[in-house]
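Q: Okay, here's what each chain looks like letter by letter:
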Amino acid sequence: EADIYQTPRYLVIGTGKKITLECSQTMGHDKMYWYQQDPGMELHLIHYSYGVNSTEKGDLSSESTVSRIRTEHFPLTLESARPSHTSQYLCASTTTGRTYEQYFGPGTRLTVT
Amino acid sequence: QKEVEQDPGPLSVPEGAIVSLNCTYSNSAFQYFMWYRQYSRKGPELLMYTYSSGNKEDGRFTAQVDKSSKYISLFIRDSQPSDSATYLCAMTLSGGYQKVTFGTGTKLQVIP
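Chains as they are written, first to last, in the numbering used here: chain A, 4 to 116; chain B, 403 to 514.
Everything labelled a hint here was simulated from the structure, so no lab data went into it.
Mixed in with the good hints, there may be bad ones.
[What the hints assert, rightly or not] Distance condition first, Cα-Cα at most 30 angstroms in a straight line; then the derived DSSO-like pairs of lysine-lysine: (1) B:K509 to B:K469; (2) A:K34 to B:K472; (3) A:K34 to B:K458; (4) A:K60 to B:K458.
[Stated by the list, open to error] Beyond 12 angstroms from chain A on every Cβ pair, some chain B residues (computed): (5) P410; (6) G418; (7) I420; (8) S422; (9) N424; (10) G456; (11) N457; (12) D460; (13) R462; (14) T464; (15) F477; (16) S484; (17) Q511.
Every residue gets a Cβ at the ideal spot worked out from N, C-alpha and C, and that includes glycine.
Kindly generate the complete structure, drawing on both the sequences and the hints.
A: In structure tokens:
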């Protein structure tokens, strides 16, 4: 099993609250990703990182922000949650040159009421 | 039009059946073709990957890539109830490219 962890697994929160979804990996991977997954839809890349202090926005426009201060840690923050942010958020990591081999965390199911 | 098209299913088969899962794609520059398996309430896990065209076999699983038709397949022989999951095809331009394009996934149920 992959050594990549996400917390919380489930979160129900009210509109306007600030939330941080945590993602950590112990494999020493330099690349990390955040995806959004909705039922019947493909995974959409919302953020990725090549390494410490390197972050980029993905294909899907997102109001979230990320940071990469440590190799193993890649948290995602929503400053003001809205019902449209309700989704499954998946974190993944891989090593340079092996983008095809991504290791995924178990996901965070976020519901904004 | 989506870059990768995948029938969402659900696909229901009896135990022991041969399962065929397929994806089509539009970007001829894709070089790596992957199949991920996702169990309920879990993240996807890499099942197999193929570089360029051809077949690759791993136990009961066989992946095929036909670049001329822009069509990839995953075959599961002697399907088991434990194979019940959602199967996502995925593709990327190269090992060093930063992004992977995923299909929507096909939900498979193997009935005992």
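Q: Holds or violated: is the Cβ of N457 (chain B) farther than 12 angstroms from all Cβ atoms of chain A?
A: holds (17 angstroms)
Q: Report holds if the minimum CB distance from I420 (chain B) to chain A is greater than 12 angstroms, and violated otherwise.
A: About 25 angstroms separates I420 (chain B) from the closest Cβ of chain A, which puts it past 12 angstroms; holds.
Q: Against chain A, does S422 (chain B) keep a CB gap of more than 12 angstroms to every residue?
A: The claim stands: S422 (chain B) keeps its Cβ more than 12 angstroms from every Cβ of chain A (closest is about 20 angstroms).
Q: Are all C-beta atoms of chain A more than 12 angstroms from that of G418 (chain B)?
A: holds (28 angstroms)
Q: Check whether the Cα positions of K34 (chain A) and K458 (chain B) lie no farther apart than 30 angstroms.
A: Holds: K34 (chain A) and K458 (chain B) sit about 27 angstroms apart, inside 30 angstroms.
Q: When you look at the beta carbon of Q511 (chain B), is every beta carbon of chain A farther off than 12 angstroms?
A: holds (16 angstroms)
Q: Once the closest CB in chain A is found, is it more than 12 angstroms from N424 (chain B)?
A: Fine: 15 angstroms to the nearest Cβ keeps N424 (chain B) off the interface.
Q: Is the claim that R462 (chain B) lies outside the interface with chain A correct, judged by CB distances over 12 angstroms?
A: Check passes; 21 angstroms lies beyond 12 angstroms.
Q: Please work out if K60 (chain A) and K458 (chain B) have their alpha carbons no farther apart than 30 angstroms.
A: violated (34 angstroms)
Q: F477 (chain B) clear of chain A by more than 12 angstroms, beta carbon to beta carbon?
A: Its Cβ never comes within 12 angstroms of chain A, the nearest being 20 angstroms, so this holds.
Q: Given the hinted pair K34 (chain A) and K472 (chain B), is their Cα-Cα distance within 30 angstroms?
A: It holds: about 28 angstroms lies between the C-alpha atoms, which stays within 30 angstroms.
Q: If I take the minimum Cβ distance from S484 (chain B) to any residue of chain A, is it greater than 12 angstroms?
A: Since the minimum Cβ distance to chain A is about 16 angstroms, S484 (chain B) lies beyond 12 angstroms and the statement holds.
Hint check: violations occur at hints 4 and 5; the rest are consistent with the structure.
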